[in-house]
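**Q** Work out the full structure: start from the sequences and follow the hints.
Protein chains: 2
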Amino acid sequence: MLIAKPYLLFLGDAPDPLAAKTAYGVARWRPEDCVGQFRLPGCQADTGLPEVSIDTAAALGARTLIVGVANRGGKLAAAWIPELLAALQAGLDLANGLHQRLADLPELAATADSLGRRLIDVRHPAGSFEVGTGQKRPGQRLLTVGTDCSTGKMYTTLALEREMRGRGFDADFRATGQTGILIAGAGVCVDAVVADFISGAVEALCPANAPDHWDLIEGQGSLFHPSFAGVSLGLLHGAQPDALVLCHEPTRPHLRGVPGYPLPDLAECIAANEAAARLTNPKARCIGVSINTAQLSATEAGRWLEDTQNRLGLPCVDPLRTGVAALVDRIAGLG
Amino acid sequence: MLIAKPYLLFLGDAPDPLAAKTAYGVARWRPEDCVGQFRLPGCQADTGLPEVSIDTAAALGARTLIVGVANRGGKLAAAWIPELLAALQAGLDLANGLHQRLADLPELAATADSLGRRLIDVRHPAGSFEVGTGQKRPGQRLLTVGTDCSTGKMYTTLALEREMRGRGFDADFRATGQTGILIAGAGVCVDAVVADFISGAVEALCPANAPDHWDLIEGQGSLFHPSFAGVSLGLLHGAQPDALVLCHEPTRPHLRGVPGYPLPDLAECIAANEAAARLTNPKARCIGVSINTAQLSATEAGRWLEDTQNRLGLPCVDPLRTGVAALVDRIAGLG
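Protein sequence lines correspond, in order, to chains A and B. Residues in the first sequence are numbered from 1 upward in steps of one, following full-length UniProt numbering. Residues in the second sequence are numbered from 1 upward in steps of one, following full-length UniProt numbering.
Keep in mind the hints are simulated off the structure, nothing from the lab. Warning: the hint list may mix true and false statements.
Unchecked claim - Not everything, but these chain A residues come out facing chain B in the computed CB check (under 10 Å):
{"id": "1", "residue": "119"}
{"id": "2", "residue": "126"}
{"id": "3", "residue": "165"}
{"id": "4", "residue": "192"}
{"id": "5", "residue": "196"}
{"id": "6", "residue": "200"}
{"id": "7", "residue": "228"}
{"id": "8", "residue": "229"}
{"id": "9", "residue": "234"}
{"id": "10", "residue": "235"}
{"id": "11", "residue": "251"}
{"id": "12", "residue": "255"}
{"id": "13", "residue": "258"}
{"id": "14", "residue": "261"}
For each residue, glycine too, the CB sits at the ideal point set by N, CA and C.
**A** Quick look at the structure:
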């Protein structure tokens, strides 16, 4: 699934920044791919990109409008439809990470069809996948894994891409969730793939590559999450990672969405991921830890990072506070 | 998904018994649910059930024709269509475990629609599932797990149901694959569920029940299979098994479909399944092993069972040679 660039980011009538977090993600990680943002009256989100109309965006060469806003329940709001139609008329494709499909709205489908535009619903994988083969393929691969869902795997993976590219590595972010796909312009929403094809879809996402090329694969869920561990394990096996980075958010009372399930111990979580990963890549090893310390004070965060680093004997970073240089130092030392 | 009983088993023009293994499975495990078999000229399979015409089957009260034959590539053969149409005309629903959908054949779809009959494609789960909650629910549950795919999990689970019911247990087979679903008349093809919902679909398949009721859940795949382990893990977490039975076929040179992947050691496989299962049920334990010794001589089989039993300290059976009484003895001693 390839989304044509550059983008116009549509923030709609987002009532707060959180509702537009997809737009913020794209603006943060791919500003060079965006001609600007387009907002409806009353919008309370702002990515800081130039404000442009749909026609101006088209004149600036925009190829795709990204629905960068989430409505309650993952629905497309009625107020957005006239603007989405206008974008199609102006020559743009539409790309959307919500549960509801653009293609399921008859007016959008008919207009796109008559104009030859694409409606790209990234949560609904198009095409079919093969069953995973487990066959070892060339190229280096890194996968972020988590103690839980929503611990910063996408953010960490993108930060690694930026740092590695900055140091001259040949490295590509590989997206496995809707926001990541809109950022990268390509990818597979692995939790939406039919169960039989999880590892096969991931094998297709990060295929054989040059021996010194790094695929940096966005992880999903956690081996310890009772709702989603199957996705995480299929992803781990399909990725054949040489390197793992464990992502953790230290202030949660329990795993996301499942009261009564404590967060796993970090060392135990690393050991379980390494053991499972070695089925398809015997060299798999965890090379560091990424902690999301947003809920902690600077002092607490520093203590957490230092304690964890000492306890595990692995570099321990917060991408936002410390950057990920320490992880890339470790990657540079692999071989 | 509930399939109306009794059944007419359709064997078509099966060129050999293996092509009709679904029909054999239903005839073996649910003969009381079958009014008979219907074969086309030249059919080389025979379940031993009475030979009946479609009209006779209808007169005997048959409610569903089961497509009990597999064509190359999982396709519905053109030669079967007139008979499938005749069955719809005679008042029967159609149920099918092949990849190709009955519902995708326009002639069948139109006829079923006009007559108000159901076309049941068990490989394609109907309806939607919730995300798994991991919440502990009452009732006892047993899951068969495997060193590999196709090691006898369905057969073992059905043998346990028969033995347990014979001893007065309140026990139900829960099907997770197409043949099992046609045998049970209900179930969920877990490998065809969207990845996000694997454990949730299994939670729905074997919901809360009476404290002394046993759900006997058909396993799929293996935690050690690089193509399918995600399915196996989601199934394990959703099942919340109190008891596990490991199924194994001892003569394979490698895991099914993936040369280079050796079969896991049995003790290691048990330990990995118990560790993973304990996320959602801390009491989970393996209570025995089921070996498919069909490829071994009686002497070799006996030695294999005895050696394995001594090595693992668990009852070790072959459902076909020894029955599963030793496993049910162990189940009876639980609690």
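**Q** Quick one: which hint numbers does this structure break? Sort them smallest to largest.
**A** Of the numbered hints given earlier, those the structure breaks are 1, 2, 3, 11, listed in rising order.
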